[in-house]
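Use these hints to put chain B onto chain A, whose structure you have.
Chains as they are written, first to last, in this note's numbering: chain A, 498 to 867; chain B, 273 to 592.
Honestly, the hints are just simulated from the structure, not real lab data. Cβ coordinates follow ideal geometry from the N, Cα and C atoms, glycine included. Be aware that a few hints might be false.
Stated by the list, open to error - Footprint (simulated), chain A over chain B, 3 or more residues, beta carbon under 8 Å: (1) 480-490; (2) 549-562; (3) 569-578.
Unchecked claim - Not the full set, but computed from the structure, chain A residues with beta-carbon under 7 Å of chain B: (4) Arg-580; (5) Ala-598; (6) Leu-602; (7) Ile-665; (8) Tyr-666; (9) Asp-684; (10) Ala-700; (11) Ala-786; (12) Ile-815; (13) Tyr-816.
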Amino acid sequence: MTTTTTTPSTGSSGDGPRLSSSSLLTGSLPRSFAPLLLAGTAVVVGGALFALGLFHLVSFAVLTAGVYLIAITVASRAVEGGRKAKDRLVTGVVYCCFGLAMAPLISLLWTVLVNGLKRFDGYFLTVSMNGVIPSMDAGGVYHAIVGTLVITGVAALISIPIGLLAAIYLVEYGKGRLKQAITFFVDVMTGIPSIVAGLFVVALWIMIFGPGNTSGLAGAISLSVLMIPVVVRSSEEMLRLVPNELREASYALGVPKWLTIVKVVLPTAIAGITTGIMLALARVIGETAPLILTAGIASTRINANPFEGQMMSLPVFIYQQVRAMGSSGDAGIYAEERAWAAALTLILIVMLLFFAARLISRLFAPKLGR
Amino acid sequence: MTTTDSSTPARVPTGRRRIGDVIFANTASGAGALILLILAGVAAFLIIQSMDSLRANTVNFFTTTDWNASTREDPAFGVAALAFGTVLAATIALLLATPVAIGIALFIVYYAPRRVAALLGYIVDLLAAIPSVVYGLWGVVFLVGQLRPFYDALENYLGWIPLFAGPVSATGRTMLSAGLVLAVMILPIITAMSRDVFHQVPQANREAALALGATRWEMIRMAVLPFGRPGVIGGAMLGLGRALGETMAVAMILSPSLVISPFLLQSGNQTIAAHIALQYPEATGYGVSALIAAGLVLFAITLAVNMGARFIVARRKEFS
Numbered sequence: 498m499t500t501t502t503t504t505p506s507t508g509s510s511g512d513g514p515r516l517s518s519s520s521l522l523t524g525s526l527p528r529s530f531a532p533l534l535l536a537g538t539a540v541v542v543g544g545a546l547f548a549l550g551l552f553h554l555v556s557f558a559v560l561t562a563g564v565y566l567i568a569i570t571v572a573s574r575a576v577e578g579g580r581k582a583k584d585r586l587v588t589g590v591v592y593c594c595f596g597l598a599m600a601p602l603i604s605l606l607w608t609v610l611v612n613g614l615k616r617f618d619g620y621f622l623t624v625s626m627n628g629v630i631p632s633m634d635a636g637g638v639y640h641a642i643v644g645t646l647v648i649t650g651v652a653a654l655i656s657i658p659i660g661l662l663a664a665i666y667l668v669e670y671g672k673g674r675l676k677q678a679i680t681f682f683v684d685v686m687t688g689i690p691s692i693v694a695g696l697f698v699v700a701l702w703i704m705i706f707g708p709g710n711t712s713g714l715a716g717a718i719s720l721s722v723l724m725i726p727v728v729v730r731s732s733e734e735m736l737r738l739v740p741n742e743l744r745e746a747s748y749a750l751g752v753p754k755w756l757t758i759v760k761v762v763l764p765t766a767i768a769g770i771t772t773g774i775m776l777a778l779a780r781v782i783g784e785t786a787p788l789i790l791t792a793g794i795a796s797t798r799i800n801a802n803p804f805e806g807q808m809m810s811l812p813v814f815i816y817q818q819v820r821a822m823g824s825s826g827d828a829g830i831y832a833e834e835r836a837w838a839a840a841l842t843l844i845l846i847v848m849l850l851f852f853a854a855r856l857i858s859r860l861f862a863p864k865l866g867r
Numbered sequence: 273m274t275t276t277d278s279s280t281p282a283r284v285p286t287g288r289r290r291i292g293d294v295i296f297a298n299t300a301s302g303a304g305a306l307i308l309l310i311l312a313g314v315a316a317f318l319i320i321q322s323m324d325s326l327r328a329n330t331v332n333f334f335t336t337t338d339w340n341a342s343t344r345e346d347p348a349f350g351v352a353a354l355a356f357g358t359v360l361a362a363t364i365a366l367l368l369a370t371p372v373a374i375g376i377a378l379f380i381v382y383y384a385p386r387r388v389a390a391l392l393g394y395i396v397d398l399l400a401a402i403p404s405v406v407y408g409l410w411g412v413v414f415l416v417g418q419l420r421p422f423y424d425a426l427e428n429y430l431g432w433i434p435l436f437a438g439p440v441s442a443t444g445r446t447m448l449s450a451g452l453v454l455a456v457m458i459l460p461i462i463t464a465m466s467r468d469v470f471h472q473v474p475q476a477n478r479e480a481a482l483a484l485g486a487t488r489w490e491m492i493r494m495a496v497l498p499f500g501r502p503g504v505i506g507g508a509m510l511g512l513g514r515a516l517g518e519t520m521a522v523a524m525i526l527s528p529s530l531v532i533s534p535f536l537l538q539s540g541n542q543t544i545a546a547h548i549a550l551q552y553p554e555a556t557g558y559g560v561s562a563l564i565a566a567g568l569v570l571f572a573i574t575l576a577v578n579m580g581a582r583f584i585v586a587r588r589k590e591f592s
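Here chain A stands alone, though its shape is the one from the complex (with noise of 0.2 Å):
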């Protein structure tokens, strides 16, 4: 700031009532003041909870948090002025949000684990649930996931041909009414519940087979209708990043157009378009609704046939075991740690598809711009 020349008029705009020398250098907080005043509320905070024995992590830090923000904002006020303590008071509010949206993802992550890890052995994963009657001490899941690889696999077989065939019609073929018509209702279409999703299999089964029908088909059918939107969508945005010169290029060199989507366009975004493929997987193989629907919640034997009878998977095993949580005695109890550990399967399975499409994403990116 230029002092010396333009003193009146920085003293009219601004904070008005000081405009002597004071008023640029008013008084600043070190550096390690906030810190530290957090560090000083914790200790204090939680030695006050030790002693009355109320000690509880949830109070302890909406406690902390609360008198940390109090304390900033008073203490930068006297020291920094209103707004310095506006803006203080607002960063430690930011990181609060942070905090909170944190506390569910870890406490969700650590339950699902201390109480999966009870039962999830090569014995869980490796046999079904046939023959189990609720009061024993057995049974695993390996109908489920035989189930979940099925149905996400077929569902997988008809999305993304028709998902990415679409995506290249945007990019590449698309103009006018019918493109505005398919981007629009693309995105309204990863709006449609997954539930009605369900309910359009169920009424497109009524019609062809009559009431009643389940089978792994129609699960992986009601599937694919969430998972096309999220396939055309990503990839559409990778096919948009090719540059237009790898295109004329090719046309250049007497290449027909459909020759270069495949030879040229596609292998350049293909690293793209898989990882948004395998998120795409990741967030249908956990759906639960359409299947409850349209694969059956009553299976408990091991079936691979996608065309006939019912077919378990895991979200839907979880359900199963969570509805068998209320019986008395142990079997109450098995279902709770059944429940449990399938949960832990899916979130691995989960877990797993994600960050392998984050590493795909990240080691076979193509190199744009050299």
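What follows is chain B alone, placed relative to chain A:
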């Protein structure tokens, strides 16, 4: 098709190439059209299959709260209580999630160190990838128990507000619990959308604010929030759409009853999606068709919300 005609004249028209191009272009546009067809099919099949029960229904579908549909004689069912519950749960989720999501987005874009910010982006995405059934399990076994003391305090001190009137449900499986879990589930969507618009705020605007001596908060209030408002609203509406249609978390956490009750700390209310999931396995007679009719209402509500959201987001794109 017309789409290929426009691109072919530029090239030497040898017959074989043309055939490949025509086939490929038609397949691609066919896939695009198929998507429209699927969406139309969803609406059409739901309407056709729900007609059956709606015609046989002896009471007004939109104003009745009872659900007696699993019969062949004189079914009487209505979606009033369910629609109320759906909107209530989604509203709670939206009110709880939006401020926090804006805070997280601001944190990621303007407060966190750059390296940490990338990691946080991952973590928020991970929050979105956790299956809803796992949220439901966590909610019903772990969270509702933890919430009991909090609810008691709420009833003690804020019980005079009708929303928080007692007696507190002994299980904690109330609308507020369901809304809380829904809020956690829609947090990532709203955060992601807000984060994207905050990233797009022109650097010139932000630097201008800072150059005038604004503190970081003043810069955000003057430059970032006005610019990002449509994007945040669009994101919130997408989150609302998700919360309206979310099934499992509500089905597992809420202990339902088909009443219209504004008391958040007592058990009661039910959402359309959860009702369908719970009732479908036992549905007989007109039951399935009636549930499809309920699904149709849900479809219409979410469609309206999502189209509104997309409209707002698209309009912002035109301006920026």
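Of all the hints given earlier, name the ones this structure violates by number, lowest first.
Of the numbered hints, all hold.
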